[in-house]
Amino acid sequence: MEDIFGIPAPLLFGQLLLGLINGAFYAMMSLGLAVIFGLLNIINFTHGAQFMMGAFAAWMLLEWAGLNYWWALLLVPIIVGFTGVVLERLMISRLYKLDHLYGLLLTFGLGLIIEGVFRNQFGSSGLPYRIPPELQGAWDLGFMFLPIYRGWVVIAALILCLATWLLIEKTRLGAYLRAATENAPLVQAFGVNVPRMVTLTYGFGVALAAIGGVLAAPIYSVNPQMGTNLIIVVFAVVVIGGMGSILGSIITGFGLGIVEGLTKVFYPEASATVIFVIMAIVLLARPAGLFGRA
Amino acid sequence: MSLDRRTLLTGAAVAPFAFARAGHAQGTPTLKIGVLNDQSGVYRDISGPTSVACVRQAIQDFGSRGFNVEVVVGDHQNKPDVGSNIARQWMDRDGVDVIVDVPNSAVGLAVAGVVREKNKVYLNSTSATADLTGAQCSPNTVHWTYDTYMLAKSTGGAMVKAGGDTWFFLTADYAFGHALERDTTNFVKSAGGRVVGGVRHPLSNTDYSSFLVQAQSSRAKVIGLANAGTDTVNTVKQAAEFGITRRGTKIAVLLMFLNDVHALGLQAAQGLVLTETFYWDLNDRTRAFTNRVKPHLAGSMPAMSHAGCYSAVLHYLKTAADMGAAQAKQDGAATVARMKAMPTDDDCFGAGRIREDGRKLHPAHLFEVKAPGESKGAWDYYKLLQTTPAEEAFRPVNEGSCPLVRS
Numbered sequence: 001m002e003d004i005f006g007i008p009a010p011l012l013f014g015q016l017l018l019g020l021i022n023g024a025f026y027a028m029m030s031l032g033l034a035v036i037f038g039l040l041n042i043i044n045f046t047h048g049a050q051f052m053m054g055a056f057a058a059w060m061l062l063e064w065a066g067l068n069y070w071w072a073l074l075l076v077p078i079i080v081g082f083t084g085v086v087l088e089r090l091m092i093s094r095l096y097k098l099d100h101l102y103g104l105l106l107t108f109g110l111g112l113i114i115e116g117v118f119r120n121q122f123g124s125s126g127l128p129y130r131i132p133p134e135l136q137g138a139w140d141l142g143f144m145f146l147p148i149y150r151g152w153v154v155i156a157a158l159i160l161c162l163a164t165w166l167l168i169e170k171t172r173l174g175a176y177l178r179a180a181t182e183n184a185p186l187v188q189a190f191g192v193n194v195p196r197m198v199t200l201t202y203g204f205g206v207a208l209a210a211i212g213g214v215l216a217a218p219i220y221s222v223n224p225q226m227g228t229n230l231i232i233v234v235f236a237v238v239v240i241g242g243m244g245s246i247l248g249s250i251i252t253g254f255g256l257g258i259v260e261g262l263t264k265v266f267y268p269e270a271s272a273t274v275i276f277v278i279m280a281i282v283l284l285a286r287p288a289g290l291f292g293r294a
Numbered sequence: 295m296s297l298d299r300r301t302l303l304t305g306a307a308v309a310p311f312a313f314a315r316a317g318h319a320q321g322t323p324t325l326k327i328g329v330l331n332d333q334s335g336v337y338r339d340i341s342g343p344t345s346v347a348c349v350r351q352a353i354q355d356f357g358s359r360g361f362n363v364e365v366v367v368g369d370h371q372n373k374p375d376v377g378s379n380i381a382r383q384w385m386d387r388d389g390v391d392v393i394v395d396v397p398n399s400a401v402g403l404a405v406a407g408v409v410r411e412k413n414k415v416y417l418n419s420t421s422a423t424a425d426l427t428g429a430q431c432s433p434n435t436v437h438w439t440y441d442t443y444m445l446a447k448s449t450g451g452a453m454v455k456a457g458g459d460t461w462f463f464l465t466a467d468y469a470f471g472h473a474l475e476r477d478t479t480n481f482v483k484s485a486g487g488r489v490v491g492g493v494r495h496p497l498s499n500t501d502y503s504s505f506l507v508q509a510q511s512s513r514a515k516v517i518g519l520a521n522a523g524t525d526t527v528n529t530v531k532q533a534a535e536f537g538i539t540r541r542g543t544k545i546a547v548l549l550m551f552l553n554d555v556h557a558l559g560l561q562a563a564q565g566l567v568l569t570e571t572f573y574w575d576l577n578d579r580t581r582a583f584t585n586r587v588k589p590h591l592a593g594s595m596p597a598m599s600h601a602g603c604y605s606a607v608l609h610y611l612k613t614a615a616d617m618g619a620a621q622a623k624q625d626g627a628a629t630v631a632r633m634k635a636m637p638t639d640d641d642c643f644g645a646g647r648i649r650e651d652g653r654k655l656h657p658a659h660l661f662e663v664k665a666p667g668e669s670k671g672a673w674d675y676y677k678l679l680q681t682t683p684a685e686e687a688f689r690p691v692n693e694g695s696c697p698l699v700r701s
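Going line by line, the protein sequences match chains A and B.
Position 60, counted from 1, in the first sequence is what my numbering calls 60; the numbers after and before it change by one each time, with no gaps.
Throughout, my numbering is defined as the position within the second sequence, counted from one, plus 294.
These are calculated hints, taken from the structure and not from any lab test.
Note that this is a predicted model, so its numbers are computed, not measured.
Fair warning: there could be bad hints in the mix.
Below, a sample of chain B positions facing chain A; criterion: calculated Cβ distance under 10 Å [stated by the list, open to error]: (1) 467; (2) 504; (3) 505; (4) 510; (5) 511; (6) 538; (7) 551; (8) 556; (9) 559.
What follows is a list of derived Cβ distance ranges for each label pair [unchecked claim]: (10) A:68 to B:456: 33 to 39 Å; (11) B:360 to A:273: 54 to 60 Å; (12) B:382 to A:284: 36 to 42 Å; (13) A:137 to B:591: 34 to 40 Å; (14) B:386 to A:90: 41 to 47 Å; (15) A:116 to B:581: 31 to 37 Å; (16) A:173 to B:565: 50 to 56 Å; (17) A:99 to B:382: 36 to 42 Å; (18) B:588 to A:247: 52 to 58 Å; (19) A:284 to B:588: 53 to 59 Å; (20) B:565 to A:267: 31 to 37 Å; (21) A:70 to B:411: 57 to 63 Å; (22) A:10 to B:486: 25 to 31 Å; (23) B:324 to A:232: 40 to 46 Å.
Beta carbons: idealized from backbone N, C-alpha and C, even for Gly.
Let the sequences and hints guide you as you build the complete structure.
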């Protein structure tokens, strides 16, 4: 095959695909952040810690209860989502009337505390978690060697993103949610229990992060700082996509994954910063984000 | 987000130690040992609380010889500025005489400068860069456990000898990674091998698949990992996932500790070849040391970095007893000179010595990680492949361009 910009075509296609896979994680994580911000007006900086909790919960279920990956995929979002519900009821719900900054500081602090507790308990090197036997092996695509598990991650992420988008944009429940975002007192006046809806939405956002954690456990090191490395990038994704925009965060997540993947080929040293450069440019040109409404 | 959580935490981490107890019996000198390492980040497990426990073990094993010993602990958060600040504060205000451990080469080099300026003693166990005893050597520094040159020679040399003559590097983009890549490249080239490419990735990167695919398409026989900790764990995990080792490419983990193998699990780590200067199950003396210190560890095992803290502090205390604690407090360079003049001997590394450039010499062991079936119990991870004798394991003294060495 030919070279494209001096890079052999197979390598470039491979990188595009890998970018898409990383983008799947960004999309899943930023989706949760966007859902939470859209309804709660809280920038949930605990998201990274909740992602990490998802991965650890999967490990605990395997080690302590003997429950495999598929059970983890089912149970972990429920368990971690429930901790999110408790957190929202006990603490976060007290901040809705205040400025965004307070919510950010609270969730940021909570994230640090959770991470610290896990680090004290489990150390910083991490824990082993194996790829489930059903998803081991790889496909030879000709231009690259694609592990089956990575393919599964993209498919799972796409299904989750699509389902969330449909739920919020196309169902009656979603309509209530969007209405409550616009004008909560009015929706409440129609007899909808808005506080409960808000709590459950937070739990749902957290559950999305937890599923991300379970999906990540077999490929990334399961360690307490795994979420910290991701959350800042994901936050940038949300800002670029437009705070609170569901579709924006999905598309931007996948898109930026690809951009980052390409940077890793052309100039690897910049791969950690390229997303923030894009964020700065987007903020200058369209402060509301690519898909946000000013 | 301009808020940096590490910066926010700096005050919190340092504050408790600023008020460390100053009370001691009048007349009896007190030597103050500052363990400066990563208590909260990626290098916590290769340094952190286990290093502190090993330092305390050294003090206990040394016993009482007419002076008091105090330990203070600081978290440098992998930041050179934070590390230098704590070191400065310790030596200026809190009367710390010796700084031990200091993982992260960038911090390690920064602290070396401060200790030299204050004429105290610097016993670095966990930084990897060979520059500590090379161009940046100091009369106040002893570099104890390992360095990039020794790793490159032991692991890199063995790989080339086994037929891995074309290399591709995955390098952590900071002082340590660059030094390790440079030293390994020299060995590969001098053994007749070639370096066909490499990428430099940011520290604490999570996804390595892009880099691994690049490495694979370079058709190199060996992928050299010049990174550490979680970065190495993630790379090895993902290399297994992408079937890189199954297709015949070898992975050279240039720096890996026992805790990293534990984090990977034997399933993913089996067959990796790596170098450490200490392994708990190496001989009767290492097992005896491990049994003594184990009750003070939270379920983990000491790696070579921790053993280095033990060994370094024990030798320092012996030296202080030999020259007088008051004298040792006064002149760091003189203490280090005396340490160099005395032969070393302890349970972790056996007999050894410290060279004029500050390099501690002991044998380097090349290990292979056991397969899950071969492991007989918890933490039974290594089998010994070969041992490089102390005098050959490290860089020849006249090749490091250390100004302290008179040729």
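Verification of the supplied hints:
no.: 1; hint: 467; in the structure: 6 Å, holds
no.: 2; hint: 504; in the structure: 4 Å, holds
no.: 3; hint: 505; in the structure: 7 Å, holds
no.: 4; hint: 510; in the structure: 8 Å, holds
no.: 5; hint: 511; in the structure: 5 Å, holds
no.: 6; hint: 538; in the structure: 8 Å, holds
no.: 7; hint: 551; in the structure: 8 Å, holds
no.: 8; hint: 556; in the structure: 7 Å, holds
no.: 9; hint: 559; in the structure: 3 Å, holds
no.: 10; hint: A:68 to B:456: 33 to 39 Å; in the structure: 38 Å, holds
no.: 11; hint: B:360 to A:273: 54 to 60 Å; in the structure: 56 Å, holds
no.: 12; hint: B:382 to A:284: 36 to 42 Å; in the structure: 40 Å, holds
no.: 13; hint: A:137 to B:591: 34 to 40 Å; in the structure: 38 Å, holds
no.: 14; hint: B:386 to A:90: 41 to 47 Å; in the structure: 45 Å, holds
no.: 15; hint: A:116 to B:581: 31 to 37 Å; in the structure: 33 Å, holds
no.: 16; hint: A:173 to B:565: 50 to 56 Å; in the structure: 52 Å, holds
no.: 17; hint: A:99 to B:382: 36 to 42 Å; in the structure: 38 Å, holds
no.: 18; hint: B:588 to A:247: 52 to 58 Å; in the structure: 55 Å, holds
no.: 19; hint: A:284 to B:588: 53 to 59 Å; in the structure: 57 Å, holds
no.: 20; hint: B:565 to A:267: 31 to 37 Å; in the structure: 33 Å, holds
no.: 21; hint: A:70 to B:411: 57 to 63 Å; in the structure: 59 Å, holds
no.: 22; hint: A:10 to B:486: 25 to 31 Å; in the structure: 30 Å, holds
no.: 23; hint: B:324 to A:232: 40 to 46 Å; in the structure: 44 Å, holds
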